[in-house]
Amino acid sequence: MTKGFKASKAGIVLTIMIFLFTMLLSACGSSSKPNAAATGTPAATATETAAPSAAANTPASLPEVKLTWYFVGPWPQPEQDQVFAEVNKVIKAKINATVDFKPLAWGDYDQKMKVVIASGEPYDIAFTANWINNYSQNVGKGAFLPLDDLLAKYAPQSFANVPKSFWDATKVKGKIYGFVNQQISARTPSIGIPKDLADQYNFDINTLAGKINGFTFGNLVEPIVKKVIKDYPQKYIGMSMDQIADAFNFEPIVGFHTPGVVAYSDDSLKVVNQFETDEVKAFVATLRDWNAKGYMNSKERISSKTDDPGACKAGKCMIGMGGTYKPGNEQIGLAQNGYLSVDAPANIAHLTTSGITATMMAINRNSKNPERAMMLLELMNTDKDLYNLLNFGIKDKHYKIDADGFMVPGDDQKEYNPYVPWMFASNYLANVEKGMPKTIWEDTKKINESAIPSKLLGFTFDAEPVKAEIGKTNAVYDEYHRAIDLGVASEAKYNEFVAKLKAAGSDKIIAEMQKQIDAWKITK
Amino acid sequence: MINKILGSRENKKTIQLSILALPAILVFFVFSYIPMTGIFIAFKDINYVDGIFHSPWIGFDNFKFFFTSNDAWLVVRNTLGYNIVFIVVGTALAVLFAILLNEVISTRFLKVYQTIFFFPYFFSWIIVAYMAYSLIGPLGAISSLINKMGFTSFDFYTTTWIWPILLTLIHIWKGIGYVSIIFYAGIMGISQEYFEAAAIDGATKLQMIRKITIPLLIPLITIMTLLSIGKIFYSDFGLFFFVPREMGQLFPVTQVIDTYVYRMLKVSGDLGMSSAVGLFQSTLGFIVVLLSNYAVRKVNEENKLF
Amino acid sequence: MSKKTLPQMIIHFVFILFSLACIIPLVSIISISLSNETDIIKNGYSLFPRVFDINAYAYVLYEPIQIINAFKVSIIVSILGTFISLIVMACIAYTLSRHDYRFKNPLSFYVFFTMMFNGGLVPTYILLSNYLHLKNTIWVLILPYVAVPWFILLLRTFMQKIPYDIIESCMMDGASEFRIFFQIILPLAKPGLATVALFTILQYWNDWFLSLLYIEKESLVPLQYMLYRMMSNIAFLTSSSNQLPPGLNNAVIPSESARMAMAILAAGPMLAVFPFFQQYFVRGLTVGAVKG
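Chains as they are written, first to last, in the numbering used here: chain A, 1 to 524; chain B, 1 to 306; chain C, 1 to 292.
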């Protein structure tokens, strides 16, 4: 008894365990089998089972399936279940499928999806982008299914509607992994100020239009900030590297959080670490300076991991930056924030790979019904009523159409108003809201066409070789960015951040990017 | 035991008792033993094309990655450091409280104290985090007091040096009611005769505590300490995750192995790495438990775990 | 009792000080929840409401679908979980308490080995979500905590204290083990069961970890997880932040005070059961836990 376990006892335990194991295996067999099948060679099965021609896909001939769809937004909405049920009625009738909608909140999505994908959960569709649920990183790890064949077979209309250059922008190693939701793709953040403040200080936001970047931000914006703060000390300027990212004079390869950018003006396409560029350093110095001057209210905000989205509604915001400047911007801002602001494009808009890959749907590699998932995407992108139902809720309840054909808020708008039209499908299908130009989608298309194309357009990074380093650098960014964004990180702290990025492998990531870009340049 | 001839009644008894144990056996099997087989993930380079079972083996690369980063030293240091401080300071204060509780004459006060000390034990860490924020947050009463004292730029949630102290205080605050009651029961178990004899000899109260109470409590203290040492590689996730409000700039003093594994999974989505760190923790934890159990057995056979 | 006592004044001073430390944080959040939001923003929190205001509760409890739902989830999980868990653990504890049970040692090893070694977060997550399909079900909030070795240990110790003679005489009468367990042992082990029941209910009520990992469905979000999400985003509370109760229009949204009001609502039920269990608890603890 005193000297550990005797061999015989261990033997008994082992026997019991083996006995139980066999018992449990037979019990769980039924539930684990489909998974085993799904993890086999899903790509192959996907194309094989996709045999019947698209024309033959009448609801009657299709077996009923359940699809799981993950997406992000200001969820939960009070009447979302009601709207989803309506949406499912239509989907059921058209493609004999029901969708298990998995709406996640802004703050949860990235982290939840990391775990969902890492664990190999057999969901079907997920929203992916260069800024959330990172596209290249996921493709690099093999999380998504190549869509080329599926697109041609099951989504011919959508495939034709999106310009070929857009599809090229999503390609990794020659294959498409993301279904592009068309919208504004020429990107620069919008800079805006609440209308009442603009009127009170007689400030014309358009004087800043197209002039903002990392170097100029401080000098251009400070005068108005200074005036407002003086009268309204409780207001603060919420500004982060993330929000201004698209206005910097360079293009991130994977996303702003991952080291590796190429300057728009650089013909040699040299990849550098953005956090070591003078431009980001200048911007960070501005934040530091503003914090010292008390513009940021950092003292209060620092003890929250993220800013409370309710703060602006509570009137704490003044000049703000973020999103992408697009036609109808003011109206969108009003719907999202609950107050009217006047906006302007911060910098010159470039058409970049990241602009195109900003809103996409991907199909899971482990999806059991990839062809049906693609049918659903085609349906969402072609059925205007269905799309608007999911976007704006039930007609005459959550929204109304006025006599001129514009959309106006319904009586129950507050019960369902996620307001993320670019999330579900092509934004060009959306109802035009009152206050927006009637030709808004034509205008948007024109802007996309006329924007300056980036020199990197068409190149998408294959993150596979450096996926571990990207994961580690993201963890470092996660640790430091809040303090940097609020301007409380000293210069020494910032240098420590850059050093930690190096230790986490930023140089290796950049070298790999350079290698791939150089190889791509030759084939171009 | 095996040589004993077992009658059919004996068999029936064994079967019936085994049936009673069966539900729990199954629960342990599913929720503890099957996951143990998953430790192989730590030795793989997981990619989603091949899935967890068919991804290539990479030996100890995941571990190497962890140990060559600066994080390894930091999280192990924090985990061990906090636990050692918690054990030493926590036990000492709990024993002190137990002794003092024993000295309270009024039974009504005794009851009230015991009840109140138990209070913090009943709150979840999330509520504790809210409470802490309400006092030391930027608007908190303690913060404003400190600011009034002239340290206007002082802020708890950005000041790293203060967190080791704060976390220790909060840990003790939450647990002392519970632990001190265990020691109090130990004191109650000491025969009154010792104290009466000492009183006749004219011993002072302090002498009695030093010469009788503490020596007789030593076995219990040893066991409690060894049990805590057994868990030295594990930390209270809630304390380190919620109370510092996930502040990135506090990670150097608040990141422990448990939170690191969680964040590894959630922020970088790296299955192999986070499994490797988890396995590292489990293995070291296992060795320490074996050692401390061996030590418990040395001290008091009756209190051994197995 | 010996006549020589330590100066009571000092002891009471120390204890009253610590008692205050135990109570003040609670007072602090109660007070904030009853304070006027504008005043809070201007002057900071305080230990007593400077401007008394119940808007936070009005706000939190206006169309409280989310909250009622979270309460529902927490209550179901706590009650159902405690019930299942207690039965499962009592059963195996009884078997383990019988020194004449043939597999006593291997079974103890089987149970307590899980305390010493575990597969870790990742394999558990994959098993529960992909193979057992427990993700986004109420069971994922219950089952992982059904059998806790430490509580089994506690129950076993209690049951070992029941004289073996009683069991033996029942066996002589030909009673089955099931009958002995349900009719004799369970009633005798009541204090022990009550202690463990309290621990268990506390564990379920205060748990956030399982929901953090496995719950995405709004209808299954328990209180603690809701509180966690509210830490950084008050919008989780009312789901649509446009909503304000009729009397509150134009006022500042009481976000700071509403958070604290929620914390009070979440902590309340445990504080309410606390006194009922406390006597059992202290007694059970002093008998059970010392003798591990």
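None of these hints come from the bench; they were simulated from the model. Please note that the accuracy of each hint is not assured.
Unchecked claim - So the derived list for chain B, only partly shown, Cβ under 8 Å to chain C, looks like this: (1) Leu20; (2) Pro56; (3) Ile58; (4) Glu103; (5) Ile127; (6) Phe151; (7) Ile165; (8) Gly175; (9) Ile187; (10) Leu279.
Computed from a prediction, not measured in an experiment: that's the story for all the values here. Every residue, glycine too, gets a C-beta built ideally from N, C-alpha and C.
Each hint tested on the structure:
Restraint check, Leu20 of chain B versus chain C: the minimum CB separation of about 4 Å is within 8 Å; hint holds. Hint on Pro56 of chain B is violated. Least Cβ distance to chain C is approximately 17 Å, over the 8 Å limit. Interface restraint check for Ile58 of chain B: the shortest CB-CB distance to chain C comes to about 16 Å, outside 8 Å, so the restraint is violated. Annotation: Glu103 of chain B was flagged as interfacial toward chain C, and the flag holds, the nearest CB pair being 5 Å apart, inside 8 Å.
Using the Cβ-Cβ criterion of 8 Å, the hint placing Ile127 of chain B at the interface with chain C is satisfied: the shortest such distance is roughly 5 Å. With its C-beta approaching chain C no nearer than about 15 Å, Phe151 of chain B sits outside the 8 Å limit, and its interface hint is violated. With 8 Å as the threshold, the beta carbon of Ile165 of chain B stays out of range of chain C, its nearest partner Cβ sitting at about 15 Å, so the hint is violated. Interface restraint check: Gly175 of chain B against chain C, minimum CB-CB distance 12 Å, threshold 8 Å, status violated.
Evaluation of the Ile187 of chain B hint against chain C yields a violated restraint, the C-beta minimum of about 11 Å exceeding 8 Å. Hint on Leu279 of chain B holds. Least Cβ distance to chain C is approximately 6 Å, under the 8 Å limit.
Violated hints, listed in ascending order, are 2, 3, 6, 7, 8 and 9; each of the other numbered hints is respected by the structure.
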